[in-house]
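2 protein chains.
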Amino acid sequence: MSQPYTPTPRTRVVREAERAVYDREAAYRILDEGFLCHVGFVTDGQPFVIPTSYGRKDASLYIHGSAASRMLRQMKDGVPICVTVTLLDGLVLARSIFNHSMNYRSVVILGKATLVDDPKEKLEALRLLSEHILPGRWSDSRQPNERELKATSVLRLPIEEFSAKVRQGPVVDDEEDYSFPTWAGVVPLEVKTGEPIDDARLLPGQSVPAYARHYSRGK
Amino acid sequence: MSQPYTPTPRTRVVREAERAVYDREAAYRILDEGFLCHVGFVTDGQPFVIPTSYGRKDASLYIHGSAASRMLRQMKDGVPICVTVTLLDGLVLARSIFNHSMNYRSVVILGKATLVDDPKEKLEALRLLSEHILPGRWSDSRQPNERELKATSVLRLPIEEFSAKVRQGPVVDDEEDYSFPTWAGVVPLEVKTGEPIDDARLLPGQSVPAYARHYSRGK
Numbered sequence: 001m002s003q004p005y006t007p008t009p010r011t012r013v014v015r016e017a018e019r020a021v022y023d024r025e026a027a028y029r030i031l032d033e034g035f036l037c038h039v040g041f042v043t044d045g046q047p048f049v050i051p052t053s054y055g056r057k058d059a060s061l062y063i064h065g066s067a068a069s070r071m072l073r074q075m076k077d078g079v080p081i082c083v084t085v086t087l088l089d090g091l092v093l094a095r096s097i098f099n100h101s102m103n104y105r106s107v108v109i110l111g112k113a114t115l116v117d118d119p120k121e122k123l124e125a126l127r128l129l130s131e132h133i134l135p136g137r138w139s140d141s142r143q144p145n146e147r148e149l150k151a152t153s154v155l156r157l158p159i160e161e162f163s164a165k166v167r168q169g170p171v172v173d174d175e176e177d178y179s180f181p182t183w184a185g186v187v188p189l190e191v192k193t194g195e196p197i198d199d200a201r202l203l204p205g206q207s208v209p210a211y212a213r214h215y216s217r218g219k
Numbered sequence: 001m002s003q004p005y006t007p008t009p010r011t012r013v014v015r016e017a018e019r020a021v022y023d024r025e026a027a028y029r030i031l032d033e034g035f036l037c038h039v040g041f042v043t044d045g046q047p048f049v050i051p052t053s054y055g056r057k058d059a060s061l062y063i064h065g066s067a068a069s070r071m072l073r074q075m076k077d078g079v080p081i082c083v084t085v086t087l088l089d090g091l092v093l094a095r096s097i098f099n100h101s102m103n104y105r106s107v108v109i110l111g112k113a114t115l116v117d118d119p120k121e122k123l124e125a126l127r128l129l130s131e132h133i134l135p136g137r138w139s140d141s142r143q144p145n146e147r148e149l150k151a152t153s154v155l156r157l158p159i160e161e162f163s164a165k166v167r168q169g170p171v172v173d174d175e176e177d178y179s180f181p182t183w184a185g186v187v188p189l190e191v192k193t194g195e196p197i198d199d200a201r202l203l204p205g206q207s208v209p210a211y212a213r214h215y216s217r218g219k
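From first to last, the protein sequence lines stand for chains R and U.
Positions 1 to 219 (our numbering) are the ones given, in order, by the first sequence.
Positions 1 to 219 (our numbering) are the ones given, in order, by the second sequence.
Keep in mind that the hints were calculated from the coordinates and are not lab data.
There may be inaccurate statements among the hints.
A pair counts as met if it fits within one copy or between any two copies, since identical chains are not told apart.
What the hints assert, rightly or not - Okay, derived cross-link-like pairs now, SDA-like style, lysine to any residue, Cα gap no bigger than 25 angstroms in a straight line:
#1 LYS112 - PRO204
#2 LYS57 - SER207
#3 LYS57 - GLY45
#4 LYS192 - SER101
#5 LYS150 - GLU18
#6 LYS150 - TYR22
#7 LYS76 - ASP198
#8 LYS76 - VAL191
#9 LYS165 - GLN74
#10 LYS120 - PRO204
#11 LYS112 - PRO51
#12 LYS165 - PRO209
#13 LYS122 - SER101
#14 LYS192 - GLN168
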């Protein structure tokens with residue numbers, strides 16, 4: 001069941017407000033279909049935007065990285081960050097250049113991240129991250145050891161202040177343009193999986209698991 | 001021919017420095033294959049990361065949007081921004097959880113954007129943007145009129161301070177993990193085009209143009 005959510009002045013969608021979605025469950029569906037986010041943080045007044053993967057559990061978004069990375073070192077100090085996830089669904093070819101658009105779904109989360117210190121929660125967050133990207137893989141892999149856990153930082157961002165924006169469906173042209181003689185319509189775009197490529201040093205008898213062969217991001 | 005490029009301390013890649021690419025032509029190839037960027041800007045100390053499309057000509061990146069948008073209004077004042085383009089090429093399934101990775105190509109550009117004021121340059125930038133996303137579409141569309149041009153802002157970001165990061169190829173596991181009994185390899189990911197969808201109000205005789213039917217982002 002969807003929980004009500006009221007945007008703040010910072011997350012209220014200003015442009016194309018009819019595309020705004022302030023529904024927590026709708027935002028979760030977008031976050032759960034994607035696994036690549038773009039994280040924004042500020043250093044000496046300069047914003048940086050870095051791509052990274054993420055996982056989600058309830059109202060927590062987890063990201064991870066090397067404990068030595070610029071991004072992680074900056075963010076664990078509780079500075080304001082922004083995490084944006086964008087799913088691109090299609091090109092919208094209108095009759096007028098002006099009404100060309102894209103079909104997409106995006107979520108923008110503002111907040112401060114905190115370092116996940118507790119070893120049990122950290123391991124669980126890494127499992128969530130792994131299972132978010134590729135369900136089934138975690139238990140097929142060699143588990144993290146002490147050294148690896150130490151070299152990895154995990155951050156938790158509460159999904160509290162956020163907005164989602166969605167543009168779906170057909171072309172919308174100005175009424176007078178419908179007589180303009182050109183093709184109009186939507187070119188759908190989708191992320192597709194190719195044939196998995198065996199590693200050159202596979203042990204005998206190891207074949208592609210189902211979760212890799214039939215990988216797709218659910219719609 | 002590739003131009004030499006020396007990163008600044010802000011764009012020198014710190015983590016996984018072997019993945020860094022400081023080659024202008026390599027960065028251009030990534031920028032030219034993508035068309036969705038994530039723009040970071042700062043308002044009252046809070047970073048925002050917004051997805052938008054872009055075009056490129058030589059060392060200029062163009063973005064556009066409603067003259068009334070929060071993002072465009074902020075950025076045209078010459079504040080520092082960051083534009084990041086990420087192409088996701090695959091999931092890299094190592095034997096250890098720790099060595100799981102992704103194949104990707106990304107470019108990060110730092111700088112200040114300026115408003116494109118000159119009407120001729122503005123129209124040309126809009127054409128570049130359109131042709132960058134969908135070559136051939138511009139001349140098949142109803143051209144922008146005065147009102148539409150007025151409602152649209154175009155910004156130019158010089159591609160001066162930038163870095164690119166590329167991870168390609170197979171799994172790299174720790175030597176002692178090659179005996180761990182699991183499948184390992186790469187699951188390729190690619191953006192694919194679906195069958196174009198005709199608009200419901202097409203004029204008789206309008207069929208899907210080749211640039212929409214055979215759309216793909218060149219590799």
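Going down the list of hints, with the structure as the test:
1. LYS112 - PRO204: This pair counts as neither: shortest intra-copy Cα distance 47 angstroms, inter-copy 55 angstroms.
2. LYS57 - SER207: neither (31 angstroms within a copy, 46 angstroms between copies)
3. LYS57 - GLY45: Neither way: LYS57 and GLY45 sit 32 angstroms apart in one copy and 28 angstroms across, limit 25 angstroms.
4. LYS192 - SER101: both (22 angstroms within a copy, 18 angstroms between copies)
5. LYS150 - GLU18: So LYS150 and GLU18 pass the 25 angstroms test across copies only (22 angstroms; inside, 46 angstroms).
6. LYS150 - TYR22: neither (38 angstroms within a copy, 30 angstroms between copies)
7. LYS76 - ASP198: neither (37 angstroms within a copy, 49 angstroms between copies)
8. LYS76 - VAL191: neither (32 angstroms within a copy, 33 angstroms between copies)
9. LYS165 - GLN74: This pair counts as between: shortest inter-copy Cα distance 20 angstroms, intra-copy 28 angstroms.
10. LYS120 - PRO204: Neither, since 34 angstroms and 64 angstroms both go past 25 angstroms.
11. LYS112 - PRO51: Both: 17 angstroms inside a chain and 21 angstroms across chains, each within 25 angstroms.
12. LYS165 - PRO209: Neither, since 35 angstroms and 30 angstroms both go past 25 angstroms.
13. LYS122 - SER101: Between copies, since 18 angstroms is at most 25 angstroms while 41 angstroms is not.
14. LYS192 - GLN168: both (20 angstroms within a copy, 18 angstroms between copies)
Hints 1, 2, 3, 6, 7, 8, 10, 12 from the list above are not met by this structure, while the remaining hints are.
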